[in-house]
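Trainee: Quick mapping for you: the protein sequence lines, in order, are chains A and B.
For the first sequence, the numbering used here gives the first residue as 1, with consecutive numbering after it.
For the second sequence, the numbering used here gives the first residue as 1, with consecutive numbering after it.
Simulated from the structure, these hints should not be mistaken for lab results.
Note that CB positions come from ideal geometry on N, CA and C, so glycine has one too.
Among the clues, some could well be false.
[Stated by the list, open to error] Below, simulated DSS-like cross-link-like pairs (lysine-lysine); rule was C-alpha separation at most 30 Å, straight line:
hint, chain 1, residue 1, chain 2, residue 2
1, B, K2, A, K460
2, B, K2, A, K656
3, B, K50, A, K604
4, A, K604, B, K114
5, A, K782, B, K60
6, A, K631, B, K2
7, B, K60, A, K185
8, B, K60, A, K543
9, A, K688, A, K604
10, A, K640, B, K2
11, B, K60, A, K687
12, A, K573, B, K2
13, A, K76, A, K543
14, A, K688, B, K2
15, A, K605, B, K2
16, B, K114, A, K229
17, A, K640, B, K50
18, A, K406, B, K114
19, A, K76, B, K114
20, B, K2, A, K185
21, B, K2, A, K421
22, A, K543, B, K114
23, B, K114, A, K456
[As the list claims (entries may be wrong)] A few chain B residues facing chain A, derived, Cβ under 10 Å:
hint, residue
24, S21
25, R77
26, Q78
27, V96
Letter by letter, the chains look like this.
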Amino acid sequence: MEYIGEHLFPGQLGHFLVVLSFVAALLSGATYFLATQRRNTASFEGWRNLGRFSFLVHGLATLGIIGTLFFILTQKYYEYQYAWANVSDDLPFQYTFSAFWKEQQGSFLLWSFWHIALGLVLMLRAGKWETPVLAVVALAEAIIASMILGLYFGDFRLGASPFDLLRQTMDAPIFAQADYLAQIKGNGLNPLLQNYWMTIHPPTLFLGFASTIVPFAYAMAGLWLREHKDWLKPALPWALFSGAILGTGILMGGAWAYEALSFGGYWAWDPVENTSLVPWITLVAGIHTNLIARNTGYSIRSTYGFYLITFILILYSTYLTRSGILGDTSAHAFTEMGLGFQLILFIGLFSVLAGWLWASRFRQVPSIEKEEAGASREFWMFIGALVLFFSAVLITGATSLPVWNKIVQLFNPDYVGAALKDPVEHHNRYQLWIAVFLGLLTGAAQWLRYNERNEKIWAKTFIRHFVIAVAGAAVLTALNALWLNIHAWQYFAMLFAAMFTVVSNLDYIIFFVKGNLKQAGSALSHIGLGILLLGILGTGLNKEWISSNAFAMDGLIEGMGNEEMNQNILLLKDAPMPMRGNFEATYLEDTIVRQTRTFSVRFKKRDDQGNFTGEEFVLHPNVMYDRQFTKVVASNPSTKHYLTRDIFTHVSSLPKAELDQEFARQQEDSLRFEPYEALVGDTIFAKKHYLVVDGYSKTPEHPEYKAQQGDLAFGLKLRAYSLDDTLGYPANPMLYIRPGEGGFTLPANVGQLQMRVRLTEASMGKWLAMEESLDFHQFPMKAGETIDFQGYKIQFAKASREIKHPGYAPLPEDIAVAADLEITAPDGQKFAASPVYLIRNSQPFSLKDELPELGLHFRLENIDPKTETLTIAVARASGEQQTIPLEIAENAPRSDYIVLEAIIFPGINLVWLGSILMLFGLGLSMWRRLMVDKK
Amino acid sequence: MKRSHIIAIGIVAVAIGILISASQDVTTYANFAQAALSGDRVKLVGQLEKDRPIEYNPEKDPNFLSFYLRDDAGAVRQVVLRAGKPQDFERSEQIVLTGAMNGETFEAADMLLKCPSKYKDQEIYVRSEKSEQASK
């Protein structure tokens, strides 16, 4: 079939570039390999140049793929599955990036992009290490490129192409039509991902992932060339760079989860989080052994090991998040794409290569026979690296349970599989001790020297500073215990260790490097670690759900016992609700913009005596609906930030009628509406309530009504009372007729009385009849003239371009004239009216004005510019007032509430400050290394 | 003995200790019958019974959700979760619970939803006339 309107060229170009990129990367890897093997021969330069050239071709091809895919997304070519699944016509441009790397292919491309950028820097700067290092990078690139190849070998598919056509990936009847493209629209991006975090977090994290290949490749190169010492120096700044960037990426993920998602925290020990943290931990262990190796010659083997395992763990993390194996243990893995087998090959190939090189060269790696001295820095740093490694093993082991299950099930299909009962509790319990050891080691090792042999001389300085640190830490521990809710001694141990490293490293900065911050990278990182641990204690131990009210809900709720579980509170509109923590929350209003519905919730703080302290703020959590406005798809939190704590809120539930339109319709149908008649000034007695009819309006207001020119609108003003209460609630139902669209009725909801009041077709008929029964008399008038109409003197004062008519909303192109009329009643009372004549888009409109007190209606029907004569039409309603039929239901379920979760996070800023300081220290050390190495 | 050997032995000892103690943190996947038999906390995977009542009445208790779940063996039991109802609960195609049986009901402490991904959702939105006008 010949399909209409498809753009096939970008896809063909994309396919070609994907294949080119793959082949060029393979070629580059092979030629760089040959260049390295022949590094001392005459043919070296030729092979190296070929490696460089093909790496550049690979880079350009990959940039071409990225550009082509981006073009398809921005042009909204829905014939491509990738565009159809991830963008839509109404998606703002800035989210095209999010849509780009939301899927596996896009994020592989992002990863590849950073490898290429790093590869180019290495090409320029790595010198003699260029060929072996780039051989490794190019090999990894070839495998990543294969992930998006989309080639079929029989039934086996190698890679998933981002350029597949929608009609090839899906079997739907619509593709039987040649013009299917004109009929489909894009799926759009999940509102949860329409977020600036989704724009900045993935590129940072993937730069972090990508950069771990550099220390890995240097380690491979060192083993390969048997130059076990030379590689240590250039690898260190790269490892520091990688540690800083990967750490930033992980931190951004935590900040995103905390700020914009309803997870209620920054870290949940989710497998996806764990598998990006673990490589960072082993990388940091590698940085420490790298320092030992450079300064003393010890720990070269373990440095190799840590850098090699770091990259393997990155690959393992890629496998876990992309293969679908995490299935029921993670809340946020990628969509599975059948790449599991390829990913296992990726891990397998690199593990075998790295493992074989490491094992086969192990004995040649120089190591010092004599043991490290017990008082030397290298000894305790090495212990610290082991502790880090231990932490990585623990986290990986627990996170890998789904993988064990899979493996066991290969041999025993009946095996049901194991899982952690409570991952958060499990990880916290063990990592707490890791934290204690790290705090103590980073505090103590700073005062030790490399290659310490003379323990006696050094002991004096060490002991002095050790005592300072212990005393300082004890004081700080006592002070912090005042605000922390510590209920177990283990937390005291962690707090003390954290304070110990803070004091000791502060001491180090002041007395040892004498405030020279250039040399204080490591000390700053360790202080950051201590502050981070303090923040973790604060947010973990003192985290408090304030969205709970034992007092107000006592007795109301069946089966409530477990205090901690009471994390949600129901807020009725406009009804202040006392909550835990001396807060009082009031749900004020909600507003809808596009698909987002934002709620305003006011918090007021009371003191212990129950008086308001004046502390008051309004938070705006929101929910996002899908495009059909039938379902809520995301709930976004709103947080009040203080220096010492945050108050985090999000809407955890809404009335079902607000979540689900189908249900709302059913509920609406189940309401029992009874007919009544409304007469202005009169009272309606319903079954359980009475309503006072205050009047009616031609310019009614309703939360769901937006006036448009040409609308005919009518609303009743009522006040509803319960039979046993004197508190009245406004109820203003309305209806309107919009030219070309039809008539609409908007009911009034009085949630407090479970009452719904609506105008019906009968009301509309009655109202139109009232309008039509008016008998207009036309009077051509000039300015200043007066006429007499049934005893009323009507003077046409002037024509005015200043329109004050309440039913008029100005537009720039309008021509509008108002006739200012002054009316004198027979009893001498004076009134004013100004009907309007409007020309909009060459369409004339007449906006009526009326004096309901007199029953008089005025229209400005025509303007004769030549004679400056206006035709004014006047009518008077018959003396008898008309009743308006309406319907009232008194069994409407309340839908004017929200269910809110509110959490206080004390010390959250310590978490951010500590993390940033730690990463800043890594960055500073890298910069310092580069400066020193330059000299 | 060299110090490194002592450390190595120490680490191995700690590792064995942790393995033994951590084994208590691990539970197996189970169905309702197995959960009732063991009485322990288990992981349970199943599908929401969409025809049976889902009870969540925040006016009464915003922290009480009850529904019926069909486990892999086909058994259907009532599940009680003392927390709010997640937004896309009804859409879930698979539910993973952690909890224990209490009489005939399963008391869940934790719930994870698996929602249908866009790929499996073989539904193509057809442009309405209105949106077509808007896009012109």
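Trainee: It remains to establish, for every hint, whether it holds in the given structure.
Mentor: We went through each hint and held it up to the structure:
{"no.": "1", "hint": "K2(B) with K460(A)", "in the structure": "holds (26 Å)"}
{"no.": "2", "hint": "K2(B) with K656(A)", "in the structure": "violated (69 Å)"}
{"no.": "3", "hint": "K50(B) with K604(A)", "in the structure": "violated (41 Å)"}
{"no.": "4", "hint": "K604(A) with K114(B)", "in the structure": "violated (38 Å)"}
{"no.": "5", "hint": "K782(A) with K60(B)", "in the structure": "violated (68 Å)"}
{"no.": "6", "hint": "K631(A) with K2(B)", "in the structure": "violated (66 Å)"}
{"no.": "7", "hint": "K60(B) with K185(A)", "in the structure": "violated (42 Å)"}
{"no.": "8", "hint": "K60(B) with K543(A)", "in the structure": "holds (26 Å)"}
{"no.": "9", "hint": "K688(A) with K604(A)", "in the structure": "violated (35 Å)"}
{"no.": "10", "hint": "K640(A) with K2(B)", "in the structure": "violated (56 Å)"}
{"no.": "11", "hint": "K60(B) with K687(A)", "in the structure": "holds (25 Å)"}
{"no.": "12", "hint": "K573(A) with K2(B)", "in the structure": "violated (72 Å)"}
{"no.": "13", "hint": "K76(A) with K543(A)", "in the structure": "violated (45 Å)"}
{"no.": "14", "hint": "K688(A) with K2(B)", "in the structure": "violated (90 Å)"}
{"no.": "15", "hint": "K605(A) with K2(B)", "in the structure": "violated (63 Å)"}
{"no.": "16", "hint": "K114(B) with K229(A)", "in the structure": "violated (50 Å)"}
{"no.": "17", "hint": "K640(A) with K50(B)", "in the structure": "violated (38 Å)"}
{"no.": "18", "hint": "K406(A) with K114(B)", "in the structure": "holds (19 Å)"}
{"no.": "19", "hint": "K76(A) with K114(B)", "in the structure": "holds (29 Å)"}
{"no.": "20", "hint": "K2(B) with K185(A)", "in the structure": "violated (71 Å)"}
{"no.": "21", "hint": "K2(B) with K421(A)", "in the structure": "violated (40 Å)"}
{"no.": "22", "hint": "K543(A) with K114(B)", "in the structure": "holds (28 Å)"}
{"no.": "23", "hint": "K114(B) with K456(A)", "in the structure": "violated (63 Å)"}
{"no.": "24", "hint": "S21", "in the structure": "holds (9 Å)"}
{"no.": "25", "hint": "R77", "in the structure": "violated (17 Å)"}
{"no.": "26", "hint": "Q78", "in the structure": "violated (13 Å)"}
{"no.": "27", "hint": "V96", "in the structure": "holds (4 Å)"}
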